[in-house]
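Top to bottom, those sequences are chains D and A.
For the first sequence, our numbering assigns the number 503 to the last residue and increments by one with no breaks.
For the second sequence, our numbering assigns the number 167 to the last residue and increments by one with no breaks.
For the record, the hints were derived by calculation from the structure and aren't laboratory data.
Misleading hints may appear alongside valid ones.
To be verified - The calculated lysine-lysine pairs, modelled on DSS-like cross-linking and capped at a C-alpha distance of 30 Å, are:
no.	chain 1	residue 1	chain 2	residue 2
1	D	241	D	433
2	D	103	A	25
3	D	256	D	433
4	A	115	D	433
5	D	256	D	292
6	D	241	D	256
For clarity, every value in this text was computed on a predicted model and none was experimentally measured.
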Amino acid sequence: MEILSLLGDGMLVALQPLNLMLILIGVSLGLFIGAMPGLGSVNGVAILLPITFLVPPGSAIIFLAAIYYGAMYGGAISSITLGIPGASTAVATTFDGRPLAMKGMARLALVAAAVGSFVGGTVSNVLFSFLAPLLATVALSFGPPEIFALMLLAFATFVGLGGDDIPKTVFSICFGLVLATVGFDQISGAPRLILFDMTGFLGGISFLVLAIGVYGIGEMLWTIESTRGEITKSEADISVKGIIEDTGTSVKKGWKGMSIGSFLGFFVGILPAAGATPASLMSYAVTKMVSKNPEQFGQGHVGGVAAPEAGNNSASTGSMLPMLTLGIPGSPTTAILLGGMVIWGLTPGPRLFVEQSDFVWGLIGSFYISNFFALLVNLTFIPLFIWMLRMPFTILAPLIFVLSIVGGYAAMQDMFDIWLLLAFGFGAFFLRKFDYPLAPAVLAIVLGPIAEPTLRQSLLLSSGDPSIFFTRPIAAPIMLVAIILLLLPALKFLRRGKSSRAA
Amino acid sequence: MRLGEIVTAGVLALLSIYLMYEASKNGVGYTVGKGPQGGFWPFWLGMGMLISTGFITLNWVRRVSPPSRSEEPVLDAFGIRTLILVGGGIIGFVALIDIVSMYGAVALFMLYYLKLLGRHSWTVTLPMVLVFPLALFFFFEGVMQITMPSGMSFTDPVYNVLYNIIY
């Protein structure tokens, strides 16, 4: 009961005119920043951090959290309408969001993303409000072996993503993981894989360079070439009635994905170093795995949009938990928020809930309000995003190419990366022609920088003994499930071989 | 397509070997008591890539994958034309950035695509060519405070006017 009263007071703080105005501005700004390819919540929060010194600390963090929420909703927009994941958190949304848009169901995809995000945000807010201290302790028991086991589980669930051509899928995953190792070795600090001795590789290869290259350039070239220029544009009508109907359809068809995304996302989000990207990818993969029609995923399944969106929103709230209760940021964006809090004179950690109770509950209250307004603002802007899709393809295509290049430069600030992006784009075009699935490579380059250091840290902890993954109570069962999942395609292959011999 | 599939697998196998060679410079061993060296992880992933190309070749021999059964060309006349006109246009766009600035290159690329490839009227082309780069300028330089390449010095007068508006 005490929590309810504190939460009520917190919501009243968030509803004060100044805070409410900041929430509205924050979610709207965040929505557009998130929708821009190459820019995500981390850019929005980092760039607008200095502006927040004009308002009291409590209002400032509410504003930044609102931008965070808005950007999480916005990331889905470019994934669905343009087919380019604007941020790593929205990669999984592209898998089914884009096919839905190509079938003329962009409105349904956008509504499903918004509703999924809202459900994910709400479930995580409730979990956050009632279980914060308890979950913070659980998250602390996750060390490098547990996180590595979790990453392996994520890869294991992705093996099925690329369709039936397992060697091409495995190639794609390994390639993405190797690309993630280019640059400086995170453990020893030594330069590694500086390909062709080009200094541009010293900084590593960002996932964005690969993702924008693959989706913004390669996929677009492939679409233009394979449709012989006769592209049917997405015809979705814009009406309030339609949006209401789609809300019902999203809940009906996507409830399972939303539930999985909300709970799984929150838990992955609270783990230090994990965050919203693995959360959204795992939510997608698990929803596909438990679905009665997994073959419909990738072709335009509502659950395939709702699950990752619920997952990434839920994880965003989840990642605030270790930041507030332990002072450990769960994602790059929360790291910046943490920096802001320190500048404002607030010390995150267990004492924060006691010493700055008004601040903490004001912030938690603002999560609920921001989540609600983000849904409203998003639904209001859906007609604008649909209108974009109605443009003739000879106008939309150059816009996508330009946004890919400009967005890529905005994020990387280096022309070398833009040329690399083009090289990936042209490479992706040819690989796509030979049925190489490229999504696993993009997933691998995102998760690689978490997987490799945790593997090596674990082995350093155990003095090189790999049994560390099978003797710890949390890591062992996760590893076992991952290994079983990795072996599944081989078992299926053997069974198919047997049945064809029998026939 | 059949020839293309095996050539692609061969190129990817060479890429895998090159990546393994680069990784081996950092040591690919496993020091007892300390765990793997810096090149261990990328080396074995490169090995995974190489083994995968072996299986892809095996599937090609057995004619399992759809491209290995197809006798169509990888790119027909339309495909080659698309790749040259659209792909070449994008390369030209990126090459122009350091000369005429990011926004100048955007305007020229839009003009090329809308007028020459899309065959749109001037009433559609001109507003897009002028308004879109300006909108990008105000968003990135004004709101997001991200500076884009400004090209060679002859673009300075235009930039001075625009910067006077936002600052």
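Status of the hints after comparison with the structure:
For the hint linking residue 241 of chain D to residue 433 of chain D, the alpha-carbon distance of about 40 Å lies beyond 30 Å, and the restraint is violated. Distance hint between residue 103 of chain D and residue 25 of chain A is unfulfilled; the C-alpha atoms sit about 49 Å from each other, more than 30 Å. This hinted pair does not check out: residue 256 of chain D and residue 433 of chain D have alpha carbons roughly 34 Å apart, beyond 30 Å. Distance restraint check for residue 115 of chain A and residue 433 of chain D: the Cα-Cα separation of roughly 29 Å lies within the 30 Å cut-off, and the hinted pair is therefore satisfied.
In summary, the hint linking residue 256 of chain D to residue 292 of chain D is supported, as the alpha carbons are separated by about 11 Å, within the 30 Å threshold. Note on residue 241 of chain D and residue 256 of chain D: the hinted pairing holds, with a Cα-Cα distance of about 24 Å set against a maximum of 30 Å.
Hints 1, 2 and 3 from the earlier list are contradicted by this structure; the remaining hints agree with it.
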